[in-house]
Amino acid sequence: MKHWPWERAKEHLSEELESHLNMAIEERVALGEDRAEARAGAVRELGNLALIEDVTRERWGWLWLENLLQDIRFAIRHLRRAPGFSVTVLLTLAFGIGANLGVFQLLYAVILAELPVPHPEEVVRIQAARSPFDQSWTVSYPAYQRLRAATPDVPLMATAYIVEDAKLELPGRASTKVSCKPVSDNYFSGLGVAAAAGRLFVQADERMGQDEWPAVLRYDFARNTFGSAQQAVGQHMVLNGRAFVVVGVAQRRFLGDMTGYAPDIWLPLGLESTGAFAFSWDSLGPGHDVSLDKPWYNQPTIFWLVLTARIPAERRAAVLAHWDQVFRDDREVMTEATADPALRATLLRVKIGAAPLSENGMTKRFTVPLTLLMALSASIFLVGCLNLANLQLARLQARAHELSVRMALGASRGRLIRQVVLENALLLAGGSVFAFAVSRAASGVLVHWASNRNSLFTFDLHPNLPLAALGAGLMLVSLLCFSILPAVIVIRTGVAQTAGSRTKVAGISQTSRQRFRSNLLLGAQVSLSLLLSTMSACFAATLVHWETVDVGMDREHVLIVHPELHQARYTDHSEMLPELYGRIQERLQALPGVRGAAVEMCGGIHCGWITALYVHGRSDLTDAQVHGQEDHVGLGFFSTLGIPILRGRDFSSSDTAKTQPVAIISRGYARQLFGEADPIGQSVGYVPAPNDHKFLIVGEVGDARVNGAERDAPPVVYMSINQNPAPVNSIRVRAVGDPKQLAESVRRALYEVDPAMPVGEIVPLDAELDGDLGTEKLLARLAGIYASLTLLLVAIGFYGVMSSRASRRKSEFGIRLALGATRGHIQMLMVGQTARILVAGILPGAILSIFAVRGASHFLYGSVSANLIAIVWASLVLGMAGAVATLIPARRAALADPLETLRSE
Amino acid sequence: MGEAAKYQNRIELMQGTLDMLILKALHREPMHGYAIAHVIRDRSGEVLTVETGSLYPALHRLERQRWVKAEWKLTESKQRAKYYQLTALGRKQLRADHQRWLKLVRAIGAIMEPEVQP
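So the protein lines, in turn, are chains A and B. Read in order, the letters of the first sequence are residues 1 to 905 in our numbering. Read in order, the letters of the second sequence are residues 1001 to 1118 in our numbering.
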């Protein structure tokens, strides 16, 4: 029983015609004819049975469909007979298209996508004044209130910086870390964000001292946590010990106003007064009436709010000018931290500005790398297409005889082309399915690689129209490149020329034009491949450089432990902390394999505690000279981290809250403040002379890249934690061997010291220092993958082309061998061809690479000329790959028995 | 009668008339392809012969247009054959074709033999 209706119909037609024939025979027999004679007569009368069937079937109207299915079946059979070719095509398409889509998706999300709200071009970041130390565009809460009240018809929204590691507790579940963003009550309404469920913030949500605070969730977070947006509404949760109720969920595509940093939860700004969240802030520094412990909403000297407004472009200038008036007093307050009168005057002249949201750190950081990656992805796609075109040409030329026979038998040119194209369309369809999967995986992996170690970026990676358009475009280009063009070329020229004898096909007759064409394609592949290999080598070298650069610390043996001390039981009794730190150090140093342990205020590379130090008796220091970084450390800190003490002494146990406050400064800071003079014994303080200079410098230490391996070592002043008792954010442990081995015993030891002290993540210093190498890692890894892929493609290309040439020239080689050529000679013939193509490809490739290296020099460590050595290496590797890929078919050709080949002629 | 003579007595079917003849042949009762060819040949006094190569494509086209429907049945000689039968749509078509045909014959007649006309 056949499944297909048309096959059944076909059988019925045959049966019908057969019964017709039988009736005709019966009639003739009845009339007295001999049966055999009757049969012959009836058949003659009936005519060409097959033709009748064909003509009849045409009347059914779906012959085209039948033909198509026939062609598809034929194509699948054909592809299965060439698994090597099919797999190469599928993989090339999957990776070629997939990589492009993956990179593009990231590029789109980071650079091109606009805020998913109505009129996103109206939403701007308001840049009022840079805060004194962090130089961030933040203002105080009273300033925000004044600006907002001045223009009631312009939505002005305020947000605090995102809090990355709030502790979320849900009934019956283990606690998790979530990121929270405090926003003003008009945040969602001002931006024009809709709710996916429940409601968004209203003015009443700002009320201070609520028993249960309202929270709005990000769509995907709500779905992952509570199952759906609807189910999330009304849920109660505990965040950093405070009670919250979910009032709503924001619309699906809204991930916040900062690209990459999507908060899980939005909270009201009023929450600051609870003190339960450690918000990022800047202020005028000590001595300016700042009380961090008291609520910030009425303190004009704490700068913590980023302003965002929705202003139509035509009103922008007027609104900003009005705000400038309102902001004047606050601007004066903000310049108080500056001692330099000239600088102060300049700062006072600054006007409020507005910048589009797209001008953010993320775009600045990733625009060039992602564009570069996009270009690299496009070139690998191109290499893939060229490779496929070449393989396809070789394959079709090998099939030329078959095609010409079929044409001679009456197959139409159109149908032949259609069959070849269909075969490739099938491959393309398969490849596209894989490509989609690859792109999904790729963009996920890319986000991972690009992210900082501590915080994973969140982007909107849902499929969108531009992505679909790009996907369809790439598919069409690849179909054109590797299918339609080769098929047209071969069927137009190849078939006509080879329509003659079989020997001509098998013989020497690849025309010089065909050879030139495939050489050109191979050469282009070599060029692009050289480009990719060079770039990959340069990026890899850069990454290796940063991962191994001397950071001024023992980066390989130190472990960073993050204790959780920001709790009332520690902060309320800070005078007890030095004793706790002493016990921790003592216990850890007693562990086998531990060389030293010390506590430190800074938790990692993003501490960035900017400070200003003024020297007693020196009023000539500029702002640039006095600024540096501050850190409070415990005893034994420098020996634990391997930072050398250059002059003076380390902190000692005799430095206490009751004795002279002391400080140790880094070489860089000392040079900034004192030049080459000895800093030991100098007095420094936080405010300009003639005010207090309470710290005595007792030591000078080496510079260390504490802000990350790729950033220069900052000027740092270290104070003793025992003289300024406060909760620390990290404990550093130096091991004799691999520090990761120690993690568990350190955790146990800390539990023994204080069972109530939670211990968070434990990371090696190395990982922490490399944490911001996202861009470098992204470039190095992706370029590396691309380079190896193209190398593989080039090898496949050479192998495919050269083996088809070897089989074409079989009889020529046979004659050459019979006439006395050696096998080595035959091999050299083929390798020589490869060598010429390689040279022809490497030269333009090298020029291309030089331009690319120059263009990307911003991301590369080392001089352009040093990176050019990479070109030489890449060329060598390419040459090797080409030579090996040629030698295999060349050897096979040379080892063929000349008699056999000549006999088969 | 030799083959050549047989052909000389035949008249080529006019364009579009085959459908009408088939429909007419099926007017009374369902029949199979062979019988249809027979009926047309017999009733035309052996003048019109339908080639198998035209008959079956036409039958299948009529079937697709739903003017006839078909079913498999056994003939008197116990052979399976596909029997065609007029549908309501086919009857309508036959009437229309017949009218057109009469018109055509009258018109051509008026031109070729004007004296016969009253």
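No lab work stands behind these hints: they were computed from the structure. As the structure is a computational prediction, the values presented were derived from the model and not from experiment. Heads up, some of the hints might be wrong.
Chain B side only, calculated, beta carbon under 7 Å to chain A, not exhaustive [unchecked claim]:
#1 Pro1057
#2 His1060
#3 Ala1081
#4 Tyr1083
#5 Gln1085
#6 Trp1101
#7 Lys1103
Here a beta-carbon is modelled for each residue, glycine too, at the ideal position from N, C-alpha and C.
Status of each hint after checking the structure:
1. Pro1057: 5 Å, holds
2. His1060: It holds, given that the least Cβ distance between His1060 of chain B and chain A is near 4 Å, below 7 Å.
3. Ala1081: 5 Å, holds
4. Tyr1083: Status violated, d = 10 Å.
5. Gln1085: Interface hint status for Gln1085 of chain B: violated (15 Å vs cutoff 7 Å).
6. Trp1101: 23 Å, violated
7. Lys1103: 28 Å, violated
Comparing the model with each earlier hint shows violations of hints 4, 5, 6 and 7; every other hint is respected.
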